[in-house]
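Enquirer: Kindly produce the complete structure, drawing on both the sequences and the hints.
Using the UniProt record's numbering, you'd call the opening residue of the sequence shown number 1 and step up by one each time.
Just to be clear, a hint being listed does not mean it is correct.
[Said to hold, decoys possible] Taking lysine-lysine and the PhoX-like style, the derived pairs with C-alpha atoms no more than 20 angstroms apart in a straight line are:
| no. | residue 1 | residue 2 |
| --- | --- | --- |
| 1 | K11 | K44 |
| 2 | K51 | K11 |
| 3 | K70 | K60 |
| 4 | K71 | K60 |
[Said to hold, decoys possible] Distance ranges between label pairs, derived from CB positions:
| no. | residue 1 | residue 2 | range |
| --- | --- | --- | --- |
| 5 | V45 | I78 | 22 to 28 angstroms |
| 6 | V57 | H3 | 35 to 41 angstroms |
| 7 | D2 | L77 | 53 to 59 angstroms |
| 8 | E46 | N76 | 43 to 49 angstroms |
Treat the hints as calculated values from the structure; they're not laboratory data. Each residue gets a CB set at the ideal place from its N, CA and C atoms; glycine is no exception.
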Amino acid sequence: MDHVALLLRLKAAGFTLDEIHTYTNYRGQGPETIPTRLRLMREKVESLHEKQSDIEVSIKYLNEKMEFLKKQQQDNLIK
Numbered sequence: 001m002d003h004v005a006l007l008l009r010l011k012a013a014g015f016t017l018d019e020i021h022t023y024t025n026y027r028g029q030g031p032e033t034i035p036t037r038l039r040l041m042r043e044k045v046e047s048l049h050e051k052q053s054d055i056e057v058s059i060k061y062l063n064e065k066m067e068f069l070k071k072q073q074q075d076n077l078i079k
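Expert: What follows is the structure, given as structure tokens:
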């Protein structure tokens with residue numbers, strides 16, 4: 001993978017600049033750092049799953065609130 005593409009992908013995945021720097025330093029050290037790089041990636045995936053869960057809870061709440069407000073609006077139009 002092209003180095004610039006890797007940096008962009010890591011940034012898009014939520015890696016901080018420090019984390020990207022750490023990852024690329026390990027990458028430059030060769031294949032013996034693969035276990036460490038895998039650990040860094042697993043940790044980031046776990047963090048992203050946690051954020052995804054939080055976002056899903058927020059979306060569910062907002063959808064429920066919108067339905068409640070629509071019903072209130074409809075009830076007020078009928079009266």
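Enquirer: For each hint, tell me whether it holds in the structure or not.
Expert: Verification of the hints:
A threshold of 20 angstroms between alpha carbons decides the hint, and for K11 with K44 the separation of about 11 angstroms falls inside it, so the pair holds. Among the hinted pairs, K51 with K11 is consistent with the structure: their alpha-carbon atoms are about 16 angstroms apart, no more than 20 angstroms. Of the supplied pair hints, the one linking K70 and K60 holds, its CA atoms being roughly 15 angstroms apart against a limit of 20 angstroms. For the suggested pair K71 and K60, the alpha carbons sit about 17 angstroms apart, so the restraint of at most 20 angstroms is met.
With their beta carbons about 49 angstroms apart, V45 and I78 fall outside the hinted range of 22 to 28 angstroms. Against the hinted window of 35 to 41 angstroms, the Cβ-Cβ separation of V57 and H3 comes to about 37 angstroms, which satisfies the hint. For the pair D2 and L77, the supplied restraint of 53 to 59 angstroms holds, since their beta-carbon distance comes to about 57 angstroms. Checking the proposed 43 to 49 angstroms range against E46 and N76 shows it holds: the Cβ atoms sit about 46 angstroms from each other.
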